[in-house]
Structures are given as C-alpha cells and as structure tokens.
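A.B. asks: Listed here are the chains, written in short residue letters.
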Amino acid sequence: MDLLQKIFYLIFSFDRDIYQIVLTSLGLTFFSISFATVIAVPLAFIIDFSNYKIKKFLIAFINSLTSLPTVVIGLIVYSFISRKGILGFTGLLFTPGAIVIGQTILAIPIITSTIVAGFSKIDSKLYETLKTLGADKRQIFLGIISETKILIVAALLFGFGRIIGEVGVSMMLGGNIKRYTRTMTTAIALETSKGEFEFALALGIILLLIALSINFIIHLFLKREDKWKRI
Amino acid sequence: METDIVYQINDFKFFFGKIQILDIKNITIKKNKIYGLVGANGSGKTTLMKILSGLLKTNKGGIYFKGLDIKKCNNILNKQTVYIHQSPYLFSGTVYDNMKYPLYLNKITNTDYDKIIENTLRQLEIQNLKNKNSYELSSGEIQKVAIARALILNREIIFLDEPTSNLDNKSIDVLKKTLIEKSRKNVTLIISSHNSLFLKDFCDEIIYLDNL
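Taken in order, these protein sequences are the chains called A and B.
Read left to right, the first sequence gives residues 1 to 231 (my numbering).
Read left to right, the second sequence gives residues 232 to 443 (my numbering).
So here's chain A without its partners, still in its complex pose:
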C-alpha cells in the first residue's frame, strides 16, 4: 500500500486511536472556548463601553496578548500547577483540566479582540437607537448581543479554529498521555518524531478539514452579516 492509501485507510476505516485523539481535541477545545466565552464576551463589552482613553489602552493590551506564544502560556500555567507551584496540591498537571485552563487563557484575548474589532465597525447608532427607544441598561446589553450575535459566533469559531491547532499548551500541560491528554497536534508531533508519517498525516488531514470547515462557517456567518450591515 502506498502512503496515500494508508492515510485514507486510517481515516475512512475509523481507526479507533485516531478518532479517540480527534474527539479528545474537539472536547477539550469545546470546553476551553465555552469557559473563554463566559469571560471574553462581557470583557469585550466592558472594553467597548470604557471611555476613549481607557478603551485605547485596553484594546492595545488585549491585542498584544493575542500574540503571546502558546509555550509561554503553558510555562506560566505549569509554574502554578506543577508540584512545587502554588496550585500544585490540585494535582492538575498532565490532566485534561490543565489543558483546558491553558487553552482558555489562550482563547480569551483572541475572542475578546475579535469581538471588540467587530464592535468598532458597528454603527454607534445601534446603542443610541436602543437608548432613545427607551431601553434600560439590561435591554441595551441584550439588544446589542442580539444584533451582533453573528459577529460573536464568528469570533468564537475563530477562537475555536486557533485553539484546536495549538500545540504548546497541550504538550506542556497535558503531557501527551495516550487516550487521556493526547490531542491531534501533540499526536502529530509525536508520530512524526517516531517516523509514523501515515498516522501523523491522517491526523493532519483531519485537523486541516476541521480548520477549513470552521473557516467556511465563519465566512458564511460574515456573509450574512454583510447583509445586516447594509441596514
């Protein structure tokens, strides 16, 4: 069997090891994005409603956090949850929980900055219209969420796409333990170093398909938003 045949066989025979890794990756990223959403969406609102000078500073700060190397985040979290760290007693190191913590920290600035960038394109008239029509603070918040939901979902998907492809946090905090913390990216790195190209390439293709699908969905969402912007 040549290389391509072996790769497609692994993918389409639903190889247990491969799909276990895929499911682990998807599950961990899902939880990370869910936790990050709870923090990032309100944070984006706080930044957007801050006064001009504070907003400018916060945007610059959040934007600079998006470029933090994943291994640095891994290292920082590692220093907290390793046996000698302040949170060493939790025993989180090399568990899925540790990966979720690291990925959540990684995702927060990515999602926040994407939403804030989206908000800046929205007409300030949305806020004024809600206010002049008699909306209270809660109604204004819900009104803006409702009008910008496409943008927020696109930001979450963008974050998902970025997080599922990261390797630094998963490797440092998860330890790449088989059937426990092994994700697509850490498995690809391991299998490549072992010379198991078929396995690594099969995972690579699945990862690529997931990333492309997410980008396609984002594109569809933003296309819908274009219509909405013409209003």
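Careful: at least some of the hints might be erroneous.
[As the list claims (entries may be wrong)] In silico BS3-like pairs for lysine-lysine, Cα to Cα no more than 25 Å straight-line: (1) B:Lys-288 to A:Lys-55; (2) A:Lys-125 to B:Lys-291; (3) A:Lys-125 to B:Lys-331; (4) B:Lys-281 to A:Lys-53; (5) B:Lys-249 to B:Lys-264; (6) B:Lys-249 to A:Lys-125; (7) B:Lys-338 to A:Lys-149; (8) B:Lys-261 to B:Lys-416; (9) A:Lys-125 to B:Lys-302; (10) B:Lys-303 to A:Lys-56; (11) A:Lys-125 to B:Lys-363; (12) A:Lys-178 to A:Lys-194; (13) B:Lys-291 to A:Lys-53; (14) B:Lys-303 to A:Lys-125; (15) B:Lys-331 to B:Lys-303; (16) A:Lys-125 to B:Lys-288; (17) A:Lys-55 to B:Lys-281; (18) B:Lys-331 to A:Lys-137.
Hints were generated in silico from the structure; no laboratory data involved.
Bear in mind that the values here come from a model prediction, so they are computed numbers and not experimental data.
Go by the hints and put chain B onto chain A.
C.D. replies: Relative to the frame of chain A, chain B by itself:
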C-alpha cells in the same frame, strides 16, 4: 407651578475635547410647538438635539428641562423624548419587528400590537412595507420606518435630524401632514433640516445656530 417651557438654554457651551461645538446664549422651547433647527454643516444641530434628548451627556450647566438641570434628567428624558437619526439604524428582522420592539422595550402591554402598528404605518403611508426585511429597504424607506417606529411610542418630545434628506416630495408632504397632526396632540417637535422651505412651511419658530 405648571409651565409651558420644556427646555430653557442659557449661556451654554459644549466642547468635544478642546474643540468648541456649541455656544448658545438663549433658547426657549415651549410645549406643543414645532421648532426648526437651522445651521450650516458643523454648527452643532445634531449635538444639540442629542444633548436635549439625553443621548449625549454634558457636565456643564445652562440647560433646564421642565425647570430641572438636564444633568439630573437622564432617566426622564429617555422616557419622554425620542431622537431619530439622519441615517437611522433599523434592527434586523422585518419592519413589523422594528415597530414592535420599542413597545416591548417600554413594556407596553395590554395593547393590540397589530392594530397600533398598522395605524402608525398607515399614517406615513408605508403599510406595504410591514412584512419586508429591514435590509431590503431603500434609504428613504428606512427613514420613514424609523420615523414610524419613533412615533409609535407617543413621546412628548420628538427630535428629527434631517428627516427629509432621503425623502421624495410626496413623502415629505405625508411626513409634514403627520407631524402637524402629532403637534396637535400635545407633542413638541424639534426638526433640523437643510430644507428651509420644508421648515418655514409649518414650523412655529426657527432656531438658527451659528458656526463657531
């Protein structure tokens, strides 16, 4: 003591950063009258209307709403005034959704939504737009829907920023008729426009804002 003065503006200055936008010596706005606001581009018409409607906050004194310092009237202003933008924002959904939303925001219940929406749309002769999606509308139609959406709230004071800028002559006549009817129902109207003919035609008083 009941007074017919709604807004009293005395020696009011407004700045955006270091740039002065407004310098008003004296303006009095009385109940149930129609005021035209005239001035060149950048004379501060929109800024003044946003301050008076509570959309823009001011730290400076000099503006009184029904005898109270406007700085303390934010909540009252949001419930008694409505401001319509020059190029208004319509919410996603249909025209009907846009008309119903303010009623929902103001917890106006026990009312026949369909009837009240239908009547308001009919006033501006746009009942045919009721089921259209907001992104399908032309800029003139958006303007008319935004005006209808504001009128449905039956606010005491209505601010219209360049309401005729996207309207054809027939629509301007319909709007004029609707606004005159409104002013007869205890509503104060403050309208800014470059169309001085439109204003002179039916305003009780014209306020001129000078360029600074």
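A.B. asks: Against this structure, judge whether each hint is valid.
C.D. replies: Consistency of the hints with the structure:
no. : hint                   : result
1   : B:Lys-288 to A:Lys-55  : holds, 19 Å
2   : A:Lys-125 to B:Lys-291 : holds, 24 Å
3   : A:Lys-125 to B:Lys-331 : holds, 19 Å
4   : B:Lys-281 to A:Lys-53  : holds, 22 Å
5   : B:Lys-249 to B:Lys-264 : violated, 34 Å
6   : B:Lys-249 to A:Lys-125 : holds, 24 Å
7   : B:Lys-338 to A:Lys-149 : holds, 24 Å
8   : B:Lys-261 to B:Lys-416 : holds, 14 Å
9   : A:Lys-125 to B:Lys-302 : holds, 22 Å
10  : B:Lys-303 to A:Lys-56  : violated, 29 Å
11  : A:Lys-125 to B:Lys-363 : holds, 21 Å
12  : A:Lys-178 to A:Lys-194 : holds, 15 Å
13  : B:Lys-291 to A:Lys-53  : holds, 21 Å
14  : B:Lys-303 to A:Lys-125 : holds, 23 Å
15  : B:Lys-331 to B:Lys-303 : violated, 30 Å
16  : A:Lys-125 to B:Lys-288 : holds, 16 Å
17  : A:Lys-55 to B:Lys-281  : holds, 23 Å
18  : B:Lys-331 to A:Lys-137 : holds, 19 Å
Violation of the numbered hints given earlier is confined to hints 5, 10, 15; the remaining hints are satisfied by the structure.
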